[in-house]
Structure formats: C-alpha cells, structure tokens
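Asker: Below, each chain spelled out in residue letters.
Number of protein chains: 2
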Amino acid sequence: MEALLTELRAALDGAVLTDPDVTYPYRHDMMPLAPHDQPLAVVLPTSTEQVQAVVRACGAHGVPIVPRGAGSGLSGAANAVAGCVVLVTTKMNHVLEVDPDNRLAVVEPGVVNLDLRDAVEKHGLFYPPDPSSYDWCTIGGNLATNAGGLCCVKYGVTTDSVLGLEVVLASGELLRTGRRTVKGVAGYDLTKLFVGSEGTLGVITRATLALRPLPQAPATLVASFDRTADAGAAVARVVREGVVPSLMEIMDRASIEAVERYLKTDLNADEALLVCQSDAGGEVARRELAVVEQVCVDAGASLTYVTEDLAEGRDLLTARRSVLTALEVYGAWLTDDVCVPRTRIAELITGCERISADVGLRIAVVGHAGDGNMHPTIVYDPSSAAEFDRARRAFDEILALGLALGGTITGEHGVGKIKREWLAKEIGPVGLRVHREIKHALDPTGLFNPGSMFA
Amino acid sequence: MEALLTELRAALDGAVLTDPDVTYPYRHDMMPLAPHDQPLAVVLPTSTEQVQAVVRACGAHGVPIVPRGAGSGLSGAANAVAGCVVLVTTKMNHVLEVDPDNRLAVVEPGVVNLDLRDAVEKHGLFYPPDPSSYDWCTIGGNLATNAGGLCCVKYGVTTDSVLGLEVVLASGELLRTGRRTVKGVAGYDLTKLFVGSEGTLGVITRATLALRPLPQAPATLVASFDRTADAGAAVARVVREGVVPSLMEIMDRASIEAVERYLKTDLNADEALLVCQSDAGGEVARRELAVVEQVCVDAGASLTYVTEDLAEGRDLLTARRSVLTALEVYGAWLTDDVCVPRTRIAELITGCERISADVGLRIAVVGHAGDGNMHPTIVYDPSSAAEFDRARRAFDEILALGLALGGTITGEHGVGKIKREWLAKEIGPVGLRVHREIKHALDPTGLFNPGSMFA
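So the sequence lines, in the order shown, correspond to chains G and X. Under this note's numbering, the first residue of the first sequence is numbered 95, with each subsequent residue one higher. Under this note's numbering, the first residue of the second sequence is numbered 95, with each subsequent residue one higher.
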C-alpha cells in the first residue's frame, strides 16, 4: 500500500495522516455501539479535484474509502474499516455563494451547520435543518445522513432544503445533480437519492441549498403533565387541530430529572414536559399557542406557561438540548432514534418504561414529538460489559417496539453500522435487493463505505 | 402475441382492449409533438395483483409496457410505442384511507387529484399539488411526473407530499418504499427516486401521501404593468422581501388578450399581469399582500387591486387557469415548460417575444412566477406543416433560452418523448450514464416505457 500512500501524498500536498495516534480520533463517530477499525490513512482534501484524485487512486488500488465530516454521527456510518482511507471533508469549508434574490446558497461539504446559518442570517435568510450537533456538525454529514433536528415539524429535513449536488463517483468522474431553480423534473431525482445514502454511493463535494425567509422571533409554550399518556394525547390532538408549530419537543421524567440536576434548575415539571414554539409572529403565534395551550389543558396538563420573552424561550430550549449531556452524570449514554406515527408517541414512551424495568437501566425519552421522532436514550456504565450488553438489548427492543407501532427504525440518525439487520427487517428482501442493485450500479466494486447501511 | 393476449385476458377478467378504434384514444397524451404508435393492447387492471400479472406476462413475452393515468400529460411520457401494452391505472381509483390524526391518506394511482382534494377537505385537510388538469388528472400520473401546479411556491411539488409507495417492479415483485411516519431515513430514498421517473422504473400501485391543515381562505392581489420587465422585477423583489405567497402567477400581453376574448371580460391589464394570493389568513394575509402591493407599486405597476372577496379571487384565478383554452381561439397550442431562477423571469419573457417575432407565431407566456416556472405557449395552425415546424423550432429555442438563463428544460411537465435530447444537454454525459445505470439496475430488459426520458 506504500504506492497508494505515495500517490495520495502527491495529490494532497502531503496532507495524508498515517500515524495511528494521529488517525485514532478519525476511527469512529459518536455511536459507541458501532464497530470501527484502524484505517490505512486519513486524508483531508481541500478541493473537488483532490477528492477525485483520492477516489481514483483508491479505486486503482482496491482500497475502500470512508467519507466523513465532523464525526458527530450517531450510527457509525463514518466509522473506519480496517485498512481503509478515511476521507475527511472538514477542510472544504467555504460558503461559496449566498444568493438572496433566488434564496439559495452554494457550499462545500465541510461547512459547519451553524456557520452556514450565521452566513445566511445576515441576508435575512434561514437554513432550517438544525440537528442537535448544529454547532459542530458539517453540511456534508447532514446531507449524507439526511439530518433532521428540531425544525422538522414545520420545515422538513435536509432533503427538503437541497436543490442540487456535485458528487464524485466511484469512477472519479464528477456528477452534477439538480439545479439552481426552485422546481425541476429533468430526469431522475438523483439529488434526493444521494441525500441520506450515508456515503455509500459517492462523495458530495458541493451543494446548492434552498433557503427560507428568516422566521419571526418565536413565542414559547411549556406544558407539564402528570401522565405521559396525556402528553402523547396532546401531541396527537395538536396535529388534529391543524396547528403546525415550529417546534414541539417532549421530555419524560428521566430527562427532566437529569436536566434539573445538570442545569441546577427547577423545570416545575411532572411526568412529562412538552415544549412548543410558534415562529409565525404576533397575533398568529399567539393564536397558535392558545390552541396548543387549550389542547394541553383539555388533555390534563397540570401546568401550562406561554412566553414571548426570547431569553426565557431560549432557556427552555437549552433545557431540551441539554438532555444527552445531562445524562452523562449517570453514566455513558446510547441514544436510539425511532420515528412513530404521532398517535403512537405515548405508547412508545410507556413501552420504553417497560424496557427500562426489564433491563434494569435508566432510559430517558426525549424527542421531536411534533413529528413522532423519539430518542429513547439508555444510560449505562461503560466499564461494565454486562451493562453494555443490556444496553444493546434495550436498544434493539426499542427498535422492535418502534416497528411494531408502525414506525421506522431511524427517523434521522441513519442506519450506518449499527442498524443493518434492522434495515433488512424494515424494508424486507425486495427492498434490500433494490438497494443492492442501485449500490452495484453506482459503485460496482464496493469502493465507498463498505459494510455501512447493508452488507 | 396471441399467447400473451390470452394470458392477459385470463388475468384481467377479459378487460383487455385490442380493437384499434377503441385503443386509439390511449395512444397519446396532450402533447401534440410527441411520437406515438399503435399498441398491441390496452389493459385496465383493478388491483395490484392484476398489475403484477400484466408485468409478469409482458416480461415473459418481451412486450414493453407503457403505464398511463388519465393521459393529461404534456410530454408524451404516456404515449404508446408500437406493439406495446398500455397499462391504464384509472380503474384503481379508491381512496383507501384518510387518517386525520397522522395527516395522511393512502390512495390507489387512478384517483383523480380533485377527488382526493375533496375527500380530505371533509377532514379539514389539504393535498397541495394542483396541476392545471387537477379536475381530471390522476395521482398516479402526478407521482410519475412529479407534478407541480399553482401551489408550489408555498407548498412544493408532488414529491414533497409523498411518504411512501407500493411499486410493481420489472420482475413482477412488489416493492414497498418509505413509511407512514413524517420522518424516516432507513435506506436510500427510493420513494423520491420513483416519483418523477415517468413510468420507466416500475408501476406505482399505491401511495401514502402527506396532508396539510386546510389553509385559510385566500386574499388576492392583482397588479398590472406597462412593462414586462417591471413585473419580473417585482417578482424578484417579493422573494427578496421574504414574503412567501400561496400563489404568484404571471400573464403576458398575449395571454391577457386571449383570456379577455375568451371570457368576454376586461382584465384592466396592460403588458403584464401578476396574480398573487396569501392563504395565511386575517392580519398576516393583509400584511403579506400589503408588502407585495408596495413592491409592485415601487416596480412601476400601473394598477394594483387587493380583495378578500372569495368569488372575486376565484374569478381572477379562473382567468389565469383559462389561458390555454383561451388560446384555442387562435389555433392549436403547444405549451413549453422551463423553470428559471426567479431573477431571470423578465429576460425569459422578453426572449420569448423575440422568438415569437423570429418564427412569426403568437407565443403567450403564462406561468408560476413565484417559483420561476414559466409556460411559454406557442399558437400555430395544425393544418399547416410549415407552421408546425416553426412551432417546434420555437419550442426548442425556448428550451435553449431557459438553459442559457441558468434554468431547467422542465419545471413540472417532464421529459417524456419530446425532450430526450434536451435532457442529455442539461445533465451531460455523466448524468446520462448514471440514469442508464439506474434504469438498467431496476429494469434490465427495458420493459417499462422504452424511449421515454432517455434512449
């Protein structure tokens, strides 16, 4: 493989890392369950041409490529396999263009989500997708996983904000998909095929993203419930009432406790807390939240509170966003990601309580109630192999529960290297065969991210 | 082929049409330019199982299948090729389920768009995609072409309203894509790959569609301009101001004249007319339209008028929706479909005036200004071969103009059998090769809709 390393060094002005101590942090993402191994090298290209050179060289030598952004993923999709080249896009981090008159931006894949948000906000514009890791995850990773976030209930997921891509194919050729216009149906929708393909079909080197007008400052509602089922019923009823909040999150008792301890605050919450925002502005926001408040009261909320104070709203969101970090006071966390029909949220939460009791581990349920995407998070002692095994068992039982409730095994984190068998269960043999056929058509030698998504 | 016909008759309880007089209307859609030929047979299955039987039988006999809905298409994608079997989905026309609590509907492909709209409106819900032919086109055709309409500026195109599909593959097997949940990233986005694939990859037999809350009754604004360029500038400025109307249509002088003659009314319009609606309701709608009105006045509108009267708003929309029919007083029409960046609309309109003068034919420009999707419509005498040739030349020159302005050759009508060479120009050789690879992976023998989209 020395010949390959020589070629890579020549193509990348020496920016090829091979020292195992230096490449160590590039071996895995944030998912502790997923397998990972020692790469041959880590490369950090700075241009599309360099990416093409890497792909061609690795193709010629039969060495697999694992594309990777910041490594904030939660499925092991960016984890190294033995002897691979990890292709890191973080040095391709330029916002190339912001076009306010056509409401679009053109970016390189290594741009951090928050940096893009800041760059377009200056123009009164808004890039909706906001995964929890928005202050360090990259757009390239967001595209590869079709990332979601708190905004999705109103603004959709990443794929809903992408107009076009530039992708380096397994042949090293450059494919341009999509367009710069709002609409377009010329040919197959290759853009949305690559979005969410987890680096298995090519390397995204550029994206044209659709922007929205910056919404109004949000008004915020919180509602506390004595019974989790009542909070779930309130969510379904909000949907039924035709309200589309800009955010609607749920935290269960375990999440509330962890956050109260971590932030040293009192959330005044009982068994379950709903946090809901409207960014419709003024009278309309007030009307929307009044409907949500009435629904919560009717569903049995023990307390509701509405504020138009931005700082107060931000604090409440900080509480929601702190759950995973807060859980670290109890041990390591392992977060799951199922999405169920919005009418089944309460059943998911009570099912997780049952699983928690079964395995004897704390499971905190937090999630995007507005679209049914829940993140039951298992807390375990990483030094105990037995606890780790039980955590894995709980993780799988939550997936089975999600499927049984008519849901999916992943709402936004992806399949990666931890849910391959579950993907096969969800989509069945015909679906799996179609996946393999498409993969084989675009990447016949299995150059990109082998072993991710499906075997 | 008698053996195939016998198999089809057995599978379809005799519902197999072969008499050329009877099959004649199934030979083509609404695009006069596209080639079409005599099918071997036309079949009208009533179930997924019957579709599977047709696909298996045709596959075994090597006879191609052209899937078709109501035939309202404008690209020849549903046109018969010689000796094919036309598979018509109009008898699979049941709304199988409306689930208000999860805001979704499950439908068969032959459901007429308007029938679905009516079925969900009873539940206070809204299915946005509204192609001009919404009162007779089918959801299956909408899915196959990724149809748009007047709603797209705010609510997106068909693909934005699809959660999952059931598709009969070339093998006759049934593929289920997507899910019933709002979010989901389990595997490749096969749903959005089939949407807009124009019947070249499989036959859609069922769809799970996302619904929205029924919007408020719309308020309507019209603005008349002495200069087309001013109307174009106003559109770009509305985008810049961060307003997202629920509809923003443009009509040029030729469209206005035709409609005034056809409807025997006076639209009080000069060179160009903008029609804009807000369905945000009450104060917000008034505020949005006030911004649009101010923008129009600043851009040089000679007249603006705002109304909250529903009947008046409906009349104005009827004028817009009547353009194609109205043009028939002058001859046959041939409508094009380019989408350009919203800042280039005025250039497209003035370019069409130039092309009109060049070829000596009336070209009316009408379109969805809010998303840059314009339908320059060429009027010609169908009894004159020379005029038909000039119409075809104008059609192609408009496509070249759209591409030169940074746009796409089709915003919502599709490629079909009339824009194959233009697709190749737009996406280039690498894009075309990827299309062929995906087609070959899913339909290796070329069973479905041969010669559509690409050769």
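Some hints could be false.
Some residues of chain X that are not near chain G, with every Cβ distance over 12 angstroms (derived) [claimed, not checked]: (1) His155; (2) His188; (3) Asp229; (4) Thr239; (5) Asn467; (6) Ala535.
Calculated lysine-lysine pairs in the BS3-like style (CA-CA distance at most 25 angstroms, straight line) [claimed, not checked]: (7) Lys216(G) to Lys185(G); (8) Lys248(X) to Lys216(G); (9) Lys216(X) to Lys248(X); (10) Lys248(G) to Lys216(X); (11) Lys248(G) to Lys248(X).
Simulated from the structure, these hints should not be mistaken for laboratory data. Being a predicted model, the structure only gives us computed values, none of them experimental. By construction, the Cβ of each residue, glycine as well, lies at the ideal position given by its N, Cα and C atoms.
Asker: With reference to the structure, classify each hint as holding or not holding.
Answerer: Hint by hint, here is what the structure shows:
no., hint, verdict
1, His155, "23 angstroms, holds"
2, His188, "21 angstroms, holds"
3, Asp229, "22 angstroms, holds"
4, Thr239, "7 angstroms, violated"
5, Asn467, "5 angstroms, violated"
6, Ala535, "4 angstroms, violated"
7, Lys216(G) to Lys185(G), "23 angstroms, holds"
8, Lys248(X) to Lys216(G), "23 angstroms, holds"
9, Lys216(X) to Lys248(X), "22 angstroms, holds"
10, Lys248(G) to Lys216(X), "23 angstroms, holds"
11, Lys248(G) to Lys248(X), "13 angstroms, holds"
In this structure, the earlier hints numbered 4, 5 and 6 are contradicted, and the remaining ones agree with it.
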